[in-house]
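Peer 1: Could you build the full structure based on these sequences and the hints that come with them?
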Amino acid sequence: MSQVVVNRHPRGTLSRQAELTLGAVGLAGLILLWQVASVASLLSERVVPAPTDVAGALGRLSVTADFWGAVWATVSITVIAMVVILLIAVPTAMAIHASRFVEHSTWFLIEFLKPIPGVALIPLALLLWGPTDGVKLFLIVFGSLWPMLTQLVYGLREIPGLALEMARVYRFGFWQRIHRITIPSVLPFTLTGLRISVTIALIIAIVTEYIVGMSGLGSLLALAQLNGVVDQAFALLLVSGLLGLGFSGSVAALSGPLLFWHPSQRERRNG
Amino acid sequence: MMATTTPGGWRLLLLRGWLPVTLVALWWTLSAGSEALYFPPLQEILTTLVDEWILGPRWRSDLLPSLANFTIGFGTSVLLGTALGVLLGMSPVMRALFAPVLTFFRSLPSPALIPIVLGILGLGAGMNVSLIVLGAVWPILLNTIDGVRSVDTQLREMVRSYRLSRRQIITHVVLPSAGPQIFAGYRIGLQIAIILIVVSEMVGATHGLGYYVLESQQLFMITQTWVGTILLGIIGYLLTLIFLRIERRVLRWQIRMRQATGAS
Amino acid sequence: MGAEHLLDLQDLGKTYSTGAVRARILEGVEFTVDRGEFVCVVGPSGAGKTTLLKCIAGLTAPTTGRTLFEGEKVTEPPAKLAVIFQDYSRSLLPWLTVAKNIELPLQKARFPARERPGIIAEALANVGLEGKGGVYPWEMSGGMQQRAAIARGLAYQPDVLLMDEPFAAVDAQTRIDLEDLVLGMSRRLGMTVLFVTHDIDEAVYMADRVVVLSGTPAAVARDITVDLPGERDQVQTKNLPRYGELRAEVFGLIQAAKRPAMQRTETVPARRMVP
Ligand SMILES: Nc1ncnc2c1ncn2[C@@H]1O[C@H](COP(=O)(O)OP(=O)(O)O)[C@@H](O)[C@H]1O
Ligand SMILES: [Mg+2]
Numbered sequence: 001m002s003q004v005v006v007n008r009h010p011r012g013t014l015s016r017q018a019e020l021t022l023g024a025v026g027l028a029g030l031i032l033l034w035q036v037a038s039v040a041s042l043l044s045e046r047v048v049p050a051p052t053d054v055a056g057a058l059g060r061l062s063v064t065a066d067f068w069g070a071v072w073a074t075v076s077i078t079v080i081a082m083v084v085i086l087l088i089a090v091p092t093a094m095a096i097h098a099s100r101f102v103e104h105s106t107w108f109l110i111e112f113l114k115p116i117p118g119v120a121l122i123p124l125a126l127l128l129w130g131p132t133d134g135v136k137l138f139l140i141v142f143g144s145l146w147p148m149l150t151q152l153v154y155g156l157r158e159i160p161g162l163a164l165e166m167a168r169v170y171r172f173g174f175w176q177r178i179h180r181i182t183i184p185s186v187l188p189f190t191l192t193g194l195r196i197s198v199t200i201a202l203i204i205a206i207v208t209e210y211i212v213g214m215s216g217l218g219s220l221l222a223l224a225q226l227n228g229v230v231d232q233a234f235a236l237l238l239v240s241g242l243l244g245l246g247f248s249g250s251v252a253a254l255s256g257p258l259l260f261w262h263p264s265q266r267e268r269r270n271g
Numbered sequence: 001m002m003a004t005t006t007p008g009g010w011r012l013l014l015l016r017g018w019l020p021v022t023l024v025a026l027w028w029t030l031s032a033g034s035e036a037l038y039f040p041p042l043q044e045i046l047t048t049l050v051d052e053w054i055l056g057p058r059w060r061s062d063l064l065p066s067l068a069n070f071t072i073g074f075g076t077s078v079l080l081g082t083a084l085g086v087l088l089g090m091s092p093v094m095r096a097l098f099a100p101v102l103t104f105f106r107s108l109p110s111p112a113l114i115p116i117v118l119g120i121l122g123l124g125a126g127m128n129v130s131l132i133v134l135g136a137v138w139p140i141l142l143n144t145i146d147g148v149r150s151v152d153t154q155l156r157e158m159v160r161s162y163r164l165s166r167r168q169i170i171t172h173v174v175l176p177s178a179g180p181q182i183f184a185g186y187r188i189g190l191q192i193a194i195i196l197i198v199v200s201e202m203v204g205a206t207h208g209l210g211y212y213v214l215e216s217q218q219l220f221m222i223t224q225t226w227v228g229t230i231l232l233g234i235i236g237y238l239l240t241l242i243f244l245r246i247e248r249r250v251l252r253w254q255i256r257m258r259q260a261t262g263a264s
Numbered sequence: 001m002g003a004e005h006l007l008d009l010q011d012l013g014k015t016y017s018t019g020a021v022r023a024r025i026l027e028g029v030e031f032t033v034d035r036g037e038f039v040c041v042v043g044p045s046g047a048g049k050t051t052l053l054k055c056i057a058g059l060t061a062p063t064t065g066r067t068l069f070e071g072e073k074v075t076e077p078p079a080k081l082a083v084i085f086q087d088y089s090r091s092l093l094p095w096l097t098v099a100k101n102i103e104l105p106l107q108k109a110r111f112p113a114r115e116r117p118g119i120i121a122e123a124l125a126n127v128g129l130e131g132k133g134g135v136y137p138w139e140m141s142g143g144m145q146q147r148a149a150i151a152r153g154l155a156y157q158p159d160v161l162l163m164d165e166p167f168a169a170v171d172a173q174t175r176i177d178l179e180d181l182v183l184g185m186s187r188r189l190g191m192t193v194l195f196v197t198h199d200i201d202e203a204v205y206m207a208d209r210v211v212v213l214s215g216t217p218a219a220v221a222r223d224i225t226v227d228l229p230g231e232r233d234q235v236q237t238k239n240l241p242r243y244g245e246l247r248a249e250v251f252g253l254i255q256a257a258k259r260p261a262m263q264r265t266e267t268v269p270a271r272r273m274v275p
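Protein chains in written order, with the UniProt record's numbering: chain A, 1 to 271; chain B, 1 to 264; chain C, 1 to 275.
Everything labelled a hint here was simulated from the structure, so no lab data went into it. Glycine included, each C-beta is placed from N, C-alpha and C at the ideal position. Treat the hints with caution; some may be incorrect.
Claimed, not checked - Coverage of chain C stretches by chain B, computed from C-beta distances (three or more under 8 Å per stretch; other residues unrestricted):
{"no.": "1", "region": "38-51"}
{"no.": "2", "region": "92-101"}
{"no.": "3", "region": "104-113"}
{"no.": "4", "region": "129-139"}
Peer 2: As structure tokens, then:
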């Protein structure tokens, strides 16, 4: 076997410093451009407010209890959904991995349910059970379970055969095998699943809130739209984005310490 | 690698088929003659589906426009995301310049854009397509950038030493090498696009499948709500199936390589 | 024209700086390669051989000095120069067949479309891969892949072929076959080859001249003309007493550079006595 050193992109890389500076310049430039366009009335105020107006609206929002209540509602349900998803996906993936019979029997069901957009179930779920937090949780879990499940099944399948043979040669016990081989090799896949699942969960949470009018960022958005307060809609857009950043940032922050041995992380440290 | 023995032909069909068939059969028999308001008989649901959507006019008035909007929206996301991704992937300065904005939009739950897009474009196809593009383009763009960036160093040197033209580099080296990762981006983009066509029709259209299913619920037309939901499921499934077919065809060199070498 | 060397390295130096760290890899490297010569550059792993080769090929800019190729300063990879990389699996494109891999760098201006099939077939024949054009690289063994990479270099019809430890990743038997293949090929086609390796035997066996690279930063320790019979043979050549002497000479130079402290104590022992 030839040793393949995956030596990624040393050419065409900037120093961290330069990257951050350029990023700040890009962001500042964009906001400045937007502000200038607004002031020069190139953008209709009723459609796209100036950045300063958006900042003002954000300031006004941030002192209301409603706003923080909505943020909490969206964040908490998303976090709970992630926990539920893990509780469902881990045993399911293990069952699928352990038994060919389970794998084949559930194959079509999973392949069929996977691509069904979670939001499509909103009307039916509302009809059957009404607008409760339980329904919201069900919708989020149903819609964003699949990436996690797929990644877990995939991860279990990809456990290096060599490592398993090593475990047999050295007579690893059950827990030792789980702890030293299974969990470390499945972890990267779990985090990938988590990253995709949380993105979709947040989308479904906001859509459900928006359509049903349940407490959360989605209903605030609907309200802003109804009242025609554009600057507020933009402020909420900003908040939603930051929330998304917070979630993906959290997954990334988990990856650092959990995957310190993984090439992607080593590269990050060195690069 | 572990030896995986997959049974062939009718045995596999039986193994995979028994559970879904049993479930549908159960549903059919248990719901037959059902008086429960919210659980109409499956037979009634299917008859309505066929009557309204296949024999009736809805496939033209609601289904085709939905599919057209979806195709335009997802297609635009693919073209735009790939082209910009290659551009940004090959230029570190541009990439750094736009990094914060891209990171923001990638993490943004796209339905948060609904009030603004509705405000600018109003109800209709334009709004639906725009929302899809604004949601689906980011994972495609960012995956393409990553794929282009991780083109192997030695490959880059080979390309330079043989003085390949820019066009040759993009079509023969960068795109194929980043292909698997680009398609991973398409897959996430597709998932988001399917969600968004439904959402955008629920909130920003006066026809289409999404509109139909939400409208049925609000009018308390229970059978129709079931029909719409099932139809959305089938369509989501079929779109994904078509996509995976295309992916397998485009990336077949990689699949064959994996089979030949056993490498990942 | 006459006195001009094909390759002329003048005071070549390279320093990598990553952040605050500066690593001086090469300093004052000077040697020349003439048309038709087979020159081996030998040095221990990490000496800076790949760096040197990249500077010559125009893939990296040297920090000091310059390389002249056919009398012109190299800034970008010249059109009449080809590089064979160490890791064939990363330089052949797995999504193209061998023939397409070879065809890719053949530009319209120099290689009209109708001449290409002939050129490709000839290159494949030269490396003993007749009829393998339709195969994908990953369907072949490591040695065959490296031969395909060499065929691509040949089809490109360069004036000089730079090779960076091309046989480091293949098994010993394949390596011997490939050495003889490249040697025979370069003799037959009158090619100029600059061959980089860490393997002393390989260098002495193949070269007309061996350039020994040693020290940190690396410089040319010695430029040795290999006065062995032109026809090389894995058994006979390696049994010649002269082969052993040359081998020992190169080995000594590299060992000396590896342990500069020891060498100092050997050559000037008195210094240590009187602190
Ligand atoms: N792009 C680079 N940046 C910093 N250091 C490098 C780079 N490339 C090589 N080096 C360093 O230069 C030294 C010589 O490397 P190289 O030329 O690859 O040696 P060789 O080919 O003789 O084994 C090594 O210590 C290596 O770590
Ligand atoms: Mg090297």
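Peer 1: Broken hints, numbered, in rising order?
Peer 2: 1
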